[in-house]
Amino acid sequence: MARVELKSISKSFGGVPVLSGIELDVADGEFLTLVGASGCGKSTLIRIIAGLEPQSSGSVLINGAPVDHLRPHERQVAMVFQSYALYPHMRVFANIGLPLMMSRLNLFERLPIIRMLSARRRRVMAEIESEVRAVTKQLQIDALLERRPSQLSGGQRQRVALGRAMVRHPAAFLMDEPLSNLDAKLRVHMRTELAELHDRLGTTFIYVTHDQVEAMTMSDRVAMMDNGTILQIGRPGDLYMRPANLKVAQFIGTPAINLLPAKVSSAGSVELFGAELPIRARRPAGSAMTLGIRPEAITLAPLGTSRPGMHLLPGRLRRSENLGPEHMLHIDLTSPASGTIICSVAGDHEPLTSDSRGLALLFMPSACHVFDVEGHRIDDVEAASAAAAPSSDPHARAFGATLCPLLPKAGEPCAPCGGPAARTS
Amino acid sequence: MMASAVAIAAPVPVVRRDRQRLIEKLAGCGFAFPAFLLLLLTNLVPLAVLLYLSFTNYELGALDTRFLGLDNFRKAVTDPVLRRSLANTFVYVAIVLPGAVGLGLLIAVLLHRRKRTRTFYEVVYFLPVTSTLIAMATVWQFILHPNLGPVNGMLRAMGFGEIAFLSEPAYVLPTLAAIGIWQLVGFNMVLFLAGLSAIPRDLYEAAEIDGCRSGIDRFLTITWPLLGPTTMFVIITTSITAFKVFDTVAVMTRGGPMGSSEVLLYAIYLEGYQYFHMGYAAALTLIFLAFVLLFSILQTFVLERRVHY
Ligand SMILES: Nc1ncnc2c1ncn2[C@@H]1O[C@H](COP(=O)(O)OP(=O)(O)OP(=O)(O)O)[C@@H](O)[C@H]1O
Ligand SMILES: [Mg+2]
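Protein sequence lines, in the order shown, are assigned to chains U and Y.
Quick note on my numbering: the first sequence kicks off at 458 and runs consecutively.
Quick note on my numbering: the second sequence kicks off at 8 and runs consecutively.
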């Protein structure tokens, strides 16, 4: 049980800055995920929390007390490594029981042969054994106690590494990409299991991954890192629905968000391929912008259709990928627009054919994410669009400026926001 | 091009498949033959000659040689010189083995974490390995000289009086063993360093999180068990090298004083090249080989069970 705080943590390796001014406050019992591209400093940060790496400046607090002077094992945190770091010469039992043996037995009671002399050792070992068994039972590896790590499958090793972390009842779990060595199917399974483990234990989890799906599905909050800084912290839905930065928008969501070049018109609103959108830009006229549209925010219709309040871009279907529950459509924009857009439609969508007349891509301007040249979100999209077109879409109302991304099928209520059946494509 | 493709696609007749197999076999033997020939000429033939000589009373330069059967071995069993030299050899090995392995490990562990100074120390400790022991023996002889040597000079200055390292029967074997350790430590250190760098770093980090506080904890939990295979190899090579001790004895003590440093190889050398009893020396050599073989077999089987995971 612990609250973990980071106060302006910076780190450089031989003059090369890797982390700069990281501020983070992880509440007791929270599942916080650090996510970001490779090399952005996630592992370095989690190793600083664990005490394996000294920070260059700043302070780590656990339950309000600075722990910078404490050795890793004194910080009461457990770590699960990407490589699992199981001790290859020990059986599963010893692997899991080692933290307890280290804290409860003195040096003589751990020395080979000499340890036989200690009567206390036998008593303590019996205790340890029952605790190890309790943990292995929870993780369903109690049949493997006599095996060595080399005789285990990847998933079983993963569980042993988890067991070794759990057996100490640590104040916080630190996990550095614990699932990245598993195959795709097992990864999905372990994802659920880890989330359930967190619910059951109620302990603070700090979890590192570069897989945005893991971050979105497991966490209470996600901190997106880039280049040694935290770009945005928030609930998974926040990062998806209101990315504060272009990089966050690009990183979160599969397939990735569509980006279109835009600029600020002379009237001060966002201009996309020559047409003005009812979005106020609050940047000097003529400056460049980037407009992001999520693949599922786009509705397809025959060319020539128009819907009130929706913006239209003409396009032609290039290819369609059938994923079962949905189709991924790659659409080339046609004049006056240009570029390629990916949009997803439900699997039972009527088959689209790439006829020569092309398609109309329709989207609500309020569903757009607008970023300036530096990649910052231009936040008054909401205000401007709300003023321009008082939204009648219940999904948009429930989620603020953006539309509910999880479009239900026609005739069914929308689960996430409670609104009625949404527009059908 | 077309023709060969067709030929491969067509079912191969049985006769041709057999011929193919024969050709492959011949080719395999052809590749192995040079290595086998070398092994035969340099190891197996001399070994066979040795075995034959050990059954005879052959003397270097003698014109007639008699076949003695097992007489040489019978003589060896009761030979007090052989018994003494064997005992001396075992004492020597018993000092050198723990000394050279333990020190090698200690130095390797100390050097492993150093960054800048590591190469320097590596070179310093490895120098004795590259030097010629016979030349260095002369240096040691000077260093340990009762009157002129710096070691005794120091002992005198500290008020201990001088020690005749090489002429006092009780000191001569430990002194030779110390020189043997000096020569072997660098080599063992390099082997241990290789073993150490094969241990993944995150095991130490995991151990640190799991509560291994001190260097002793880390050593006992991670380093020592994971160095098992390396240690086994080092023990075997060190004990065999120590068992073969010869040059320091030949140059510095000639087995003396009063045979107190006469080791097995030196006894064999005396029999063969000083007394020209080639047949008897051959028998002793076979006994020597048997010990070396026994060593490696014993250590492989005893240690193998404990070091593999
Ligand atoms: N010991 C070190 N010495 C020098 N540079 C280092 C060291 N450790 C990490 N770095 C650098 O720090 C940066 C961040 O590394 P880090 O391991 O934290 O990335 P990461 O976000 O965990 O990446 P990944 O997702 O690939 O694991 C990288 O550019 C890396 O090269
Ligand atoms: Mg990493």
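Calculated directly from the structure, the hints in this document are not laboratory data.
From the three backbone atoms N, C-alpha and C, an ideal C-beta is built for every residue, glycine too.
A couple of the hints might just be wrong.
Unchecked claim - If the Cβ cut is set under 10 Å, some of the chain U residues that face chain Y in the computed set are:
hint	residue
1	L509
2	V534
3	L543
4	P545
5	F550
6	L568
7	P569
8	S610
9	R621
10	A622
11	Y697
12	M698
13	A701
Claimed, not checked - If you anchor each label on the Cβ, the simulated ranges turn out as follows:
hint	chain 1	residue 1	chain 2	residue 2	range
14	Y	P176	U	A576	30 to 38 Å
15	Y	K82	U	N563	32 to 40 Å
16	U	A652	Y	W231	38 to 46 Å
17	U	E531	Y	P176	50 to 58 Å
For each hint, the structure was consulted:
no., hint, result
1, L509, "holds (5 Å)"
2, V534, "holds (7 Å)"
3, L543, "holds (8 Å)"
4, P545, "holds (5 Å)"
5, F550, "violated (14 Å)"
6, L568, "holds (7 Å)"
7, P569, "holds (8 Å)"
8, S610, "violated (17 Å)"
9, R621, "holds (7 Å)"
10, A622, "holds (9 Å)"
11, Y697, "violated (33 Å)"
12, M698, "violated (37 Å)"
13, A701, "violated (34 Å)"
14, Y:P176 with U:A576: 30 to 38 Å, "violated (49 Å)"
15, Y:K82 with U:N563: 32 to 40 Å, "violated (58 Å)"
16, U:A652 with Y:W231: 38 to 46 Å, "holds (39 Å)"
17, U:E531 with Y:P176: 50 to 58 Å, "holds (57 Å)"
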